[in-house]
Amino acid sequence: MKNRLKYISIYRISIIVWMSIKFLVQIFWFQKKHRIWDQDTKRKWEDMLEKQAGEYRKKAIALGGLLIKFGQFLSSRGDLLPRAFIKELEGLVDRVEPMPFYRSKEIMEEDWNAPLEEHLSNIHEDPVASASIGEVYKASLKDGTAVAVKVQRYRVKDIFKMDFKALKIVFWLVDRFTSYGKKADLPALYREVVRVISNELDFTMELENGNQFKKKFSHFPSVYIPDYYTDLSTKRVLVMEWIEGTKITDLSFIKKHQISREHIAKTLFDLSVEQFLDAGMFHSDPHPGNLMLQSDGTIVVIDFGMVGEIRQEDTNSIRAMVQGFILEDYDRVVAALQDMDFLLENADTERVKKLIKQTTNMYLEGNFDKLDANMMNDVMTDIQQFVKDQPIQLPADYAFLGRATSIIVGVLSSVYPQVDLIQWGRPVIKEWVSGEDSNYSIFKEVAKETARPLLSLPRALVEYLEDGDKEREWKSYHQRNHLFHQFYLFYACLSLVFISSGAAALYLTVIQTVLPSIWVGVSLLCLGLIGFISCVMSHFKMIKRIHHNRRNEV
Numbered sequence: 214m215k216n217r218l219k220y221i222s223i224y225r226i227s228i229i230v231w232m233s234i235k236f237l238v239q240i241f242w243f244q245k246k247h248r249i250w251d252q253d254t255k256r257k258w259e260d261m262l263e264k265q266a267g268e269y270r271k272k273a274i275a276l277g278g279l280l281i282k283f284g285q286f287l288s289s290r291g292d293l294l295p296r297a298f299i300k301e302l303e304g305l306v307d308r309v310e311p312m313p314f315y316r317s318k319e320i321m322e323e324d325w326n327a328p329l330e331e332h333l334s335n336i337h338e339d340p341v342a343s344a345s346i347g348e349v350y351k352a353s354l355k356d357g358t359a360v361a362v363k364v365q366r367y368r369v370k371d372i373f374k375m376d377f378k379a380l381k382i383v384f385w386l387v388d389r390f391t392s393y394g395k396k397a398d399l400p401a402l403y404r405e406v407v408r409v410i411s412n413e414l415d416f417t418m419e420l421e422n423g424n425q426f427k428k429k430f431s432h433f434p435s436v437y438i439p440d441y442y443t444d445l446s447t448k449r450v451l452v453m454e455w456i457e458g459t460k461i462t463d464l465s466f467i468k469k470h471q472i473s474r475e476h477i478a479k480t481l482f483d484l485s486v487e488q489f490l491d492a493g494m495f496h497s498d499p500h501p502g503n504l505m506l507q508s509d510g511t512i513v514v515i516d517f518g519m520v521g522e523i524r525q526e527d528t529n530s531i532r533a534m535v536q537g538f539i540l541e542d543y544d545r546v547v548a549a550l551q552d553m554d555f556l557l558e559n560a561d562t563e564r565v566k567k568l569i570k571q572t573t574n575m576y577l578e579g580n581f582d583k584l585d586a587n588m589m590n591d592v593m594t595d596i597q598q599f600v601k602d603q604p605i606q607l608p609a610d611y612a613f614l615g616r617a618t619s620i621i622v623g624v625l626s627s628v629y630p631q632v633d634l635i636q637w638g639r640p641v642i643k644e645w646v647s648g649e650d651s652n653y654s655i656f657k658e659v660a661k662e663t664a665r666p667l668l669s670l671p672r673a674l675v676e677y678l679e680d681g682d683k684e685r686e687w688k689s690y691h692q693r694n695h696l697f698h699q700f701y702l703f704y705a706c707l708s709l710v711f712i713s714s715g716a717a718a719l720y721l722t723v724i725q726t727v728l729p730s731i732w733v734g735v736s737l738l739c740l741g742l743i744g745f746i747s748c749v750m751s752h753f754k755m756i757k758r759i760h761h762n763r764r765n766e767v
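Following this note's numbering, the numbering of the sequence shown begins with 214 at its first residue and continues without gaps.
Don't take each hint at face value.
[Unchecked claim] Simulated crosslink set (DSBU-like; lysine-lysine; CA at most 30 Å straight-line): (1) K300 <-> K235; (2) K235 <-> K257; (3) K245 <-> K264; (4) K460 <-> K355; (5) K479 <-> K428; (6) K427 <-> K381.
Source of the hints: derived by calculation from the structure; they are not laboratory data.
Can you build the whole structure from these sequences, using the hints too?
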């Protein structure tokens, strides 16, 4: 009876909407009841959220469909949900009760317009995997080649359409009756959910994604992506090469075949870095089930239904943002966030800039000599909390990027607990931040950016003199360098004024015969040239020294 109810629109919509209303009422009543937020209140709050997440999880497993996929989507959204809720959803496994084989057979024969025997010599009726969208079967082609056949579940599109309607009602309720609607662009978020999840319902997109990944990483050592059979693949059926192997975290398999755990981790790290830092697609669900390991140490990447994309212009914005952190130019950081549509229209950019600066300074005071998985998770948690508290809404692709990064860090620490992300990341970050133009791109950026606040030198000096806490000593190394940047550029500008004045004086003396002596013009011109050359050389040496020190610290 319950299986039949799952296909009735009013039933599914009622269950989802009622659960959401109950959660909202519970939150409203809790906040109304608890005015003082002490440690006991916080503990009760966390307990309530865990119970809500647990109930959502049970409903998702029972109903399947969108609830599972939406739960996985929400588990990547630290900007939307509290940590206690996300922690529970992270364990939401996309595994449901298998469909009867005759349903899958009907779909295959409908899409192939032929009986199974025309294309397959045999197929195992028990699926090797069963998820909310499709079942995976092991089969053999007519020539005996082993293949994996992924078949869309019976009426899955109808189920998702019902759930999308329910979700739209829930979003309207949240937008209308809670303060959260003012902090987030819920209509845009709803469109993202529909777009991301709808893409998974079209297996031809997964086929295209898989082929693109195979082409992009064909040169990558020790990494393999299965072949797809385009002639047998449709919107509801996907046929690919069968891969023998195990999960990448199967330590007994690794030990049995004497595979180097460090080699596995380094290969996966390099593969992830190339996906996450360069423009193009990245695998947004790289959990151990989608990362298989073969006996020779080859890593096989499968399931490209959920992918994200980093655009080239966003890559440039991210690089500009990182350079902004390095140069302590937080206006540039905020501008990059705006270019990537991270900040909502009502965002107070000055407040965001101030908070980013405070958070960055807090981390700079810490010790990052070794960045392990625990520290990385702490950083990711702090970032999620910061994003949630501010008028920042991550586009879906970047939420998935953060989720994928967290998953990869967890896999790396499981395979090779001694992993040192700082050591492995140093050469990568150096090259990536500097860009591809030249080794002097950082110098050019520093010169360009420090020229802009040139006229702020008098203000900086006044602030320095008025700050009694400094007691005429520089507060820190980077503050001294910042002031010297302005110092050199100020006097370089002053030298240019002397050069211009000297040239003007010579012009008036020689051409117009206005001034009584040519020595005035010559003196001004020489003084300006000497000052300008001296400032440029001194400034260049200082920039080179700073860049050298930075490279040694990275």
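Which hints from the list above does the structure break, by number from lowest to highest?
-> 6
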